[in-house]
Amino acid sequence: MSVPHDVIIVGGGGAGLRAAIAVAETDPTLSVAVVSKVYPMRSHTVSAEGGAAGAIAADDSLDEHAYDTISGSDWLADQDAVEAFVKEAPEQLLQLEHWGCPWSREPDGTVAVRPFGGMKKQRTWFAADKTGFHMLHTLFQTSLKYPPVIRYDEWFVSKLLVEEGRIAGVVAIELMSGRIETLLARSVILATGGCGRVFPYTTNAAIKTGDGMALAYRAGVPLKDMEFVQYHPTGLPFTGILITEAARAEGGWLINKDGYRYLQDYDLGQPTEKPVLRSMELGPRDRVSQAFVGEVEKGRTISTRYGPVTHLDLRHLGAKVIDSKLPFVRELCRKYEKLDPVTDLIPVRPVVHYAMGGVHTDSHGATPLPGLFAAGEVAAVSINGANRLGSNSLPELLVFGARAGVAAARHAAGSAPVTGPAVEATARDERRRLERDLLGRIGGGGGGGGERLADLREQMQHTMEGSAGIYRDGGSLAKAAGTLRELQERFGSVTIDDPSRTFNTELTSALELSAMLDLAECMVHSAWRREESRGAHQRTDFPARDDERFLAHSMASRDPDGVPHISYLPVTITRWPPGERIYGR
Amino acid sequence: MSTSPDPGFQVRLYRQPVPRFWWARRRSYLLFILRELSSLAVGWFIANLLVLVYAVGQGDSAYQRFLDYSANPFVIAVNLVALAFVVLHAVTFFQAVPQTTVVRLRGRRVPAGLLAAPIFGGWLVVSAFLIWLVVLA
Amino acid sequence: MEDITLRVARYRPEQESKPTFDEYEVPLREDWAVLDGLNYVKDQLDGTLSYRWSCRMGICGSCGMTVNGEPVLTCAAFLTDFAPGPVRIEPLRNFPVVRDLVIEMTDFMHKLGRVKPWIIEDPQAPPEGEHGEYLQTPEEMEEYHQYSMCINCMLCYSACPVYGLDQSFVGPAAIALAQRYNLDSRDDGNRQRLTVLSEPDGVWGCTFVGECTKACPKGVDPAGAIQRYKVTAATEAAKSLLLPRAAGA
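Protein chains in written order, with the working numbering: chain A, 1 to 585; chain B, 1 to 137; chain C, 1 to 249.
Don't read these hints as lab results, they were simulated from the structure.
Treat the hints with care, since some could be wrong.
What the hints assert, rightly or not - Label pairs and their computed distance ranges (CB to CB):
id: 1; chain 1: B; residue 1: V103; chain 2: A; residue 2: G414; range: 55 to 61 Å
id: 2; chain 1: C; residue 1: R245; chain 2: A; residue 2: G414; range: 47 to 53 Å
id: 3; chain 1: B; residue 1: L80; chain 2: C; residue 2: S185; range: 29 to 35 Å
id: 4; chain 1: C; residue 1: A237; chain 2: B; residue 2: L40; range: 24 to 30 Å
id: 5; chain 1: B; residue 1: E36; chain 2: A; residue 2: R315; range: 46 to 52 Å
Every value quoted in this text rests on a predicted model; they were computed, and no experiment measured them.
Virtual Cβ for every residue (Gly too), placed ideally from N, Cα, C.
Isolated chain A, as found in the complex:
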């Protein structure tokens, strides 16, 4: 009927697993359930490559990490949260080391750090170029030693249960059997990751469909800063597969069709042979991606069947460096581009990578809905503001995963148990909705007026790429808002082919598309209202930053008719008053 737990964590990636461990360590008497639509090892944390920043070098300091993060965010980050983050990042990374994470080492056995984009000092811990993979597997394997952690592998959460203004649990579908179950809890932590699949070209895996953001949005929690979408400068052209920033940190160059290191034309410094921190190829991701668009406009990119690209040149690094520091990059290029970075240029272009925006939380991961927490890419605390620095998101998982876990544990321990009947009614309604709206839509192949999922999804993605890409303007955003409303309506008549209850992935695709349509609308409305350019949100009709009107977070809340309503929340400034972002000078 309804299975009671104390804490439910939706999502089993880096943040979710770290939160689970934190709950188990804070209060071993609590029952904590990790509910994930995939087995935890498949979570997208696994594909992060470059590294995790934590200030430990003798010549480094927490304040400098904070400053780099805040200026990188174009001053939209909440500085109190950033201060807490930079302090706890090294502690969390060290805890992971004790748990077995194979951080790359100096010859003397101490943890090594490498340079990374937008960072003035070397502070990025790394595990070769598979940092996310090693972190995730370490967290997953470590989580196995805590008996209170119960896992619901391949269960898809379709709704948050709210009772008397507080969280009561979730309704979830067991993929294997199609069984719809109510899971009760006094705290719920969303750790479901970002929503890159709203766009057509992304480093993100198939599962990054923003499910948790939509769950919170539909439960009345605002989504913050949704207009800020990070394009990673170096994705492979067809697949969108990520080529880590570490390739540039190790000395790689971005060159245009004339072999020219074009970043020097975009106020990112002067080219030098060895990489200079916060300069040229080690500039922040938003600026490097914007430079690509500049090159396209100047006609200096290379045309391929997948559109314009520039080249990433690693040849001068040599096979030894590439094999020891970037072995996965070499493997990916050989496999997916049939070329060898030791001898060939890698075609790259900006692809969607990370959502700075997400569920509004405080610096302990608490949302405005009592008992609901969020951590990781799904959340916006915000420490990343308008643009995230590379290697800040992996420690973000750990710091805020742990904080949310502790907060959720304390909240659960101090709350009255969830009562059955009211919640049961909501759960039954949700079950009915799933059965009627989705399983009842078996129509077969779009014939007879039914829409195909793939068609709607592609149209959404192309609308977003065209109107909410690296550069936006009011006219195309307004048009996109209209298109998305239309797509929402058309979703109402989507039919699916698969009538089965057993492992019905068409059903989950429909639920995911529904979530993505809501999020796309939030992104477009937030972008439309923000009449300035800041970080990753660049308006050709409002090219300057406007701290007077917009030194604030966009908050997208759901209107009764389902349209996002945008309001603003001021940014918390502590010690770093807004200034100019300077790179390369």
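Here the structure of chain A is known, so what remains is to put chains B and C in place on it, guided by the hints.
For chains B and C alone, coordinates are given in the frame of chain A:
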């Protein structure tokens, strides 16, 4: 719209059957099975050797009877087949041994192929010596 | 544009009691992996096809299937490699089938947990690095690093005839994972993992067929890990026989 728990669907897993001749379906599996069977050939030669030694101990006529038995065309055929199996046994054994140990030289791991070379080399030397001893000397 | 035929195994437990095959024509695009072909089928031709996938870059381990008889990651196998086709796509062997190309993997998950795959610290050897870390030289990391590269894709279990005949065998990935921790200089849990590994269904179930290592897309070499552990297990057994007090230390 019942209020009872939703049973979903009763999961019915399908157990993929292992084909009776699974070992014949892949070259690598077949080679594996032959490798395992080759230990019978090793046993056969050990038995032969013991019988030979016993026969020698029993004197000339016993030894002669053993030689006559060994000259039988059927026995020669069996021994040739067994020899092929023993060679397979030795080769696969020597290939396997380096895969079970990790040897590091100056910080780098010595590839398994390189470790196998001295083992094979030693085998050839000993075999050459024995052939010289038995046939030529 | 040429097409290529995919012969895909289907199993719909509500309708049938054993698998059948459906055929689909997909474009033979030169950059398409088998997975791209399956996605084309699901998006455009037949939405009822169920299979697991996620990262499409060979790191998440979701998309393992049997293609033309071989266990492969469908995101890392290209359609052109199988041209002119048809390409036979079936679920991973040696696992029960839930639906179409989706196999049941709880046994595998259970086995991973059984080998205690976490750092078991030695209270007598605390971390001594200047930042509070355990010191571990690059050479010490080399000892176990290869075994840490497993993406849990289960191709090795699919390739292993021992596991195929008897699912109680602990299996290649689990043993390689145990070795990843046994050989990690920060870990002191060898004794605790000995029991599960030296059971008859532990390393001794392995007859060194070697197919697991061949199938592994990440170069983990589980066969090597298992044989190395046999030496360890045998030594421990000998020690406990001949020097009981020393072995118990």
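Cβ distance range 55 to 61 Å for V103(B) and G414(A), holds or violated: 59 Å, holds
Is it true that the C-beta distance of A237(C) to L40(B) lies inside 24 to 30 Å, as the hint says? 27 Å, holds
Between R245(C) and G414(A), does the C-beta distance stay in 47 to 53 Å? Holds, since R245(C) and G414(A) (Cβ atoms, about 52 Å apart) stay within the stated range.
Consistency of beta-carbon spacing, R315(A) to E36(B), with hint 46 to 52 Å: 49 Å, holds
Taking 29 to 35 Å as the stated bounds, is the beta-carbon spacing between L80(B) and S185(C) within them? 52 Å, violated
Taken one by one, the earlier hints fail for this structure only at number 3.
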